[in-house]
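Add chain H to chain F, keeping to what the hints say.
Protein chains: 2
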Amino acid sequence: MPTYKAPLDDVMFLLGDVFHIDRYGNLPGFAEATPDVVAEVLGAVGKFCSDVLTPLNRVGNTEGCRRLDDGGVTTPPGFKDAYRKLVAGGWIGAAAPVEFGGQGLPTAIAQTIREFLCSANLSFAMYPELALGASAAIFAHGTAEQKALYLPKLIDGQWAGTMNLTEPHCGTDLGQLRTRAAPQADGSSRITGTKIFISAGEHDLAENIVHLVLARIEGAPAGTKGVSLFIVPKFLAGPDGALGARNAVSCGSIETKMGIHGNATCVMNYDGATGSLMGEENRGLQAMFTMMNEARLGVGVQGLALSEVAYQNAAAYAKERLAGRAMGGAKFPDKAADPIIVHPDVRRMLMTMRAFNEAARALVLWTALKNDVAHRSGDADERQAADDHMGLLTPVIKGVLTDQGFANAVLAQQVFGGHGYIAEHGMEQFVRDARIAMIYEGANGIQALDLVGRKLPKDGGRALQAFVGAVAGHIEEPGGNAALAPYIAPLDLALGELQQATAWLAQNAPGNPEDAGAGATDYMHLFGLVALGYMWCRIAEAAQQKSAMGGNGTAERMNQKLVCGRFFMERMLPASSAHLARIKAGAASTMALPIDAF
Amino acid sequence: MPTYKAPLDDVMFLLGDVFHIDRYGNLPGFAEATPDVVAEVLGAVGKFCSDVLTPLNRVGNTEGCRRLDDGGVTTPPGFKDAYRKLVAGGWIGAAAPVEFGGQGLPTAIAQTIREFLCSANLSFAMYPELALGASAAIFAHGTAEQKALYLPKLIDGQWAGTMNLTEPHCGTDLGQLRTRAAPQADGSSRITGTKIFISAGEHDLAENIVHLVLARIEGAPAGTKGVSLFIVPKFLAGPDGALGARNAVSCGSIETKMGIHGNATCVMNYDGATGSLMGEENRGLQAMFTMMNEARLGVGVQGLALSEVAYQNAAAYAKERLAGRAMGGAKFPDKAADPIIVHPDVRRMLMTMRAFNEAARALVLWTALKNDVAHRSGDADERQAADDHMGLLTPVIKGVLTDQGFANAVLAQQVFGGHGYIAEHGMEQFVRDARIAMIYEGANGIQALDLVGRKLPKDGGRALQAFVGAVAGHIEEPGGNAALAPYIAPLDLALGELQQATAWLAQNAPGNPEDAGAGATDYMHLFGLVALGYMWCRIAEAAQQKSAMGGNGTAERMNQKLVCGRFFMERMLPASSAHLARIKAGAASTMALPIDAF
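Going down the list, the sequences are from chains F and H.
First residue of the first sequence: 0, per numbering that gives the first Met the number 0; consecutive thereafter.
First residue of the second sequence: 0, per numbering that gives the first Met the number 0; consecutive thereafter.
Bound-form chain F, shown alone:
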C-alpha cells in the first residue's frame, strides 16, 4: 500500500531560500505568512494527507462512487469523514479573500496544499478544487448578491461547485454547444440540456452543489459569441443561504473510466433548471476562462503531485527490493542480493522523477507568487508583468507538468517490475489517475496551441520577451561563479534553441499557420525544459549559498539539490535539440497525406 510524506522541507527551501517570500511582505496576506505559520499550516495539511487521505486513495479506487436510484451519488467510504476534517482545518480557503471567509494567505500556500492533497488522493482533492474554481469565477464575474450568497459557503466547504462545459458532441469546440437558457420574467433563466464529463457533478460531501453552466440564451448568435454562463445550484437558496427547493438538475449516470474512480464523473441533465446569469450575456466563454486558467494551473500541479507520490513509493521499493549485485561488486554482501537502487538504470528512473519534481515545484511556486503580484500588488506595471507571466506559463505548466507527471508515474511503476502492474502496490492506480490530467481542462494539444497561437503573439510578444529576459539576465548575472557553470551553460544553449524556435515560428507561421500547429507541442515542451532548467539554476544558486552558510546536515541536503540539478542539465535538458529540429521541420510531412489515406 502506498505511503506519502509531504515534501515540506523542499517547499520551505523554495519559498524561503530560492524565491525569498519575505521580500513580498508589502502584498496583502504575506505579512501573516511567516515561516512559522506556513510550516504549521503545511505541516498540518501534510499530516492529514499522510494519515487520512493516503489510505483512502485505494478505497476510492476500489469502491468508486455509486449512483442511487434517486439520482443521488455516494462517495467512497471514508470520504465524507475526511471531507469534514478538511473543512474543519479551514484549508480549502487558505488563499481565498478574507472578506468572504478565506484566510487570504499567499497563493503559493494554496498551491502547495493542492499539491499535497492531490499526491495523497487525487479523486478526493478534486472535490474542493472544483469548488475553488467555481468561487474564482464568481469572485471575478458575479454580482454583489451572487458573491455574498455563494462565496462564503464555497470557500468554507459547506457547499461544493462544478464546471459544466462539455456536451456529448463538443468539448474543445464550445461554439457548438446546445444547452439552452430561457429567460424568465423574474430575471432567472430555465436551463435545459445535457452536460457530460462533469467532475464532482453529484456527491454527498456538501449540502449544496453550485454548478456553473455554459448555455445559449434563446435567440443568441450561433457559435462562441452566443454562449452565456449561469449559476445553477442543486438546491435553490434564499439570500440568507437557507436551502430551498431541489432544482431540476440531476445526475443521469456516472461514467466508467480509466481512473480517478473516487471522483464522480457525471452526465448532468438540466431539465428546465433555474439558473442565474453570471457576467454579461453572450460573454460566458470569457468568464469561464477566468476559471479555466486557475483550473489549468491546478491541473499542472496534479501532474507534479502524482509524480511526487509515485517517486516516493518507487524510491522506497528500490531500497527494499533485492535483485542482482551492484556493477562494481556487492554493496550489501550480507543480503541475498543488493537492493535494486544500486543499479544505474533504476537510478536513472528515480533521478528523472526527482529532478523533474523539484524544478516543477519551483515553477509552480514562482508562478503562484506572480499570481499574487498580479492580483494584490498596488503597482499597475508590476501587476501587468505578473499577469503576462501567468498567461504565458499557464499552458506550459498545465501541458508539460501533466505530460511529464504521467510519464513519471509510468517510470515509477516500471521500477516495481511485475509488482507495478498488479493492483496491490497501488502504482498502476497512480498511472491511471495521472492520465486524466493530460486530458481535462483542455487537452495538452490545446495548451500547446494556446501557447503558440495566442500567448506568444499577444501584445507584440511582450510576455515572452520578459520571460526570455529574466532567464537571459540570470545567465549573464555578474558575479556568476564557476561552480554554477555546469548549470548555466546548458541553460544558455537551451535558451538559444528556444529563441531559434520562436524566430522560426515568427518567420514561417504567418505564411503557413500549419507550421505553428505542427510544432506547437514540441514548442511547449521546449519551453518547459527551459523553464525547468531556469528553475534548477535558481535552485543551484540558492543551494550553493545555503550550503556555505552551514548548519546541521544542510550541506548534505543542499548537495543533493546540486546533484539533481546536474542530472537535469545532463540528462533531461538535451531533449531540447530534438524539439527544435521537429519544429523546424515544419508541417509539410505532417499534413501531406489526404484525409482518406488514414
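If you're looking for bench data, these hints aren't it; they were derived computationally from the structure.
One or more of the hints may lead you astray.
[What the hints assert, rightly or not] If you want a taste of the chain F side facing chain H, the calculated C-beta under 10 Å gives, among others:
#1 GLY186
#2 ALA315
#3 THR520
#4 MET548
#5 PHE597
[Stated by the list, open to error] Here are the simulated lysine-lysine pairs, DSBU-like style, with alpha carbons at most 30 Å apart:
#6 F:LYS318 to F:LYS545
#7 H:LYS583 to F:LYS583
#8 F:LYS318 to H:LYS583
#9 H:LYS330 to F:LYS583
#10 H:LYS334 to H:LYS4
#11 F:LYS224 to H:LYS318
Just so you know, even glycine gets a beta-carbon here, dropped at the ideal spot from N, CA and C.
What follows is chain H alone, placed relative to chain F:
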C-alpha cells in the same frame, strides 16, 4: 467499440517488395509460401481477428477470468468458442515443425499472425503464444520422448503451456529462486514451491496445460548455477498422450491487475507435483532463455500490435469527430465543424503512430526472416550471421517496440480527448493492456542491459559490426538516387551518433561499468531509431521502385509510404541526438547520491 482491420496489404508489400521473400526459396517451408498461400492464410486470420476476436476484447476486459472454488479458472464468455476456431484454423502451428504437426511456414507468417491476434485481443492471444513458447523450449531441449508426447498437442492447440519463473521475492534475479525439486526413484521429480505472475497459468481453453517450471534440485548449488527446468503437466499423461491423474499443481489465486483482464495471471502452487527434468541438471536458465528469446520477440510484436489497433481507431475517430476549423479555412463548410484530423497537432499524433507501425513491422519481418535463416539454412556462416542478428535485435525489438507501442496507445487515447478516458470507446483498455509488454519477459531496463552488457561485446562485437555494416552499406549503395537523399542523409547522421555512442561506451564502460548501465536505455532507443530509420530507407527505396512500375492506385499507396518515411526522418529520428548526449554524460550525476538520500 473499437474495430480492427488486419494490415494485410502492408505485410504483403514488406514481404514481397521490401524483403523479397521469393529469394529465400531454398529454405525449407518457403517454397510452399507463395504469395497466394500467404495472402489466403493471413486473410483468413485477419477475418477471424476482425469478426471474432475484436468484439471479445471488451468482454475479456469487463468479465475477466474467474477462479472457481475447486481451483479451476474460467476464461471470459466467448473465449472457449474463439479458441476452438483458432485451433480449427491450424494457425497456432503455422511456422512449427512439420514433423510435429506444424505447417512449417516461414516465421514471418507466424509473427504476422501473432501481430493480428494481439491487435484484436491481447489477452486471448497470450494463451496460444505461451503454448508456442513452451513448445519452442521443448523442441530445443526436450528428449525424444518429451517431444513426441508434448509437441504435437501444444502445436495443434489441444494442450496449452506456460512459463513459471517468477517467485514472490524474485523475478529478474532468478538465482534467488526457492522452488525445489526432489528426485524420485522413477526418474521423475517432486516440485514444491510458489510461482507468481504466471500468465495463462490455469484456464478452461485446453484439456491440459504444460507448465515449464524453474526449480532447484535438492543439493544443487545456490544461485543461478543450481537452477533446473522441469516439465510439469496439469494432468499426467501416458506416452500415448492419454490423460491420467491430476497433478499436484493448482492456481491459488488470480492477480487483480491493470489490464489484460482476459488472461488469467495466476499464483501457481506446486505441492510435490510430478515433473520431468528437461535438458541438463542445473542448466535450466540456459534452456529457459531459448524460450525467452522467442518470447521477447513476441512481446515486441505485442507493442506493435497495440500501436496498430490504437492507431486505426484514433484515425477513424479523428475523421469523424467535429471540432474547430482547419487553420487555412473550413475544409468541410457544410458541417458544423471540420473533423479534427484537419488539425496539425492531431495529425502529428496519427503520423507518429503510423510512421512507427510500418517501420516496426518491417523490423519484425526482417528479423523473422533472419530467424528462419538461422534455423533452416544449410550454410553455417549464414546461420551464424542470422543468429547474431537475432541476438542483437531481440532486446531492441522487445524494449523499443513495447515502449513506443505503449506511448502510441497513449497518443491514440489522447486523440479521443475525454472520450479516450472513459471505458466506452475502448482506448483506455489499449493503454492498460499495452503497459504490460514493457514489463514482462524481462522489464525493458533488463533488455537495455542485455543489449549493452551482453550483446554488444559478444564475439568481439561481431553482431554489431555486421548490423552497422548493413546500414552503412545501404547508405553508400552505388546508384542511390537523389529522391532518396531525404531518407539516407538523416539515417547517415543517426548511424554516426550510434557509432559515437558505441565508441564512447567501449572506451568508458571497461573502467566504469556504471557508465554502461546509466546509458543502456538511451543506447537501446538510439539503436532502435537507427534500426527503424534503416527500415524506412528500405521501404522508401521499394516504394519508389514500385510506384514507377505503376498499377491501379499503386502510386498513391506508395506515396503514402514515402510521406510517412519523411515524417519519421524529420520528426522522430531527431531524438537520436538527445540519446547520444545522455549516454555521453556518463553515470556521475545518476549515481552520485547516497542511497539514503532517496
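Structure versus earlier hints, numbers of those that do not hold, lowest first: Per hint list: 1, 4 violated.
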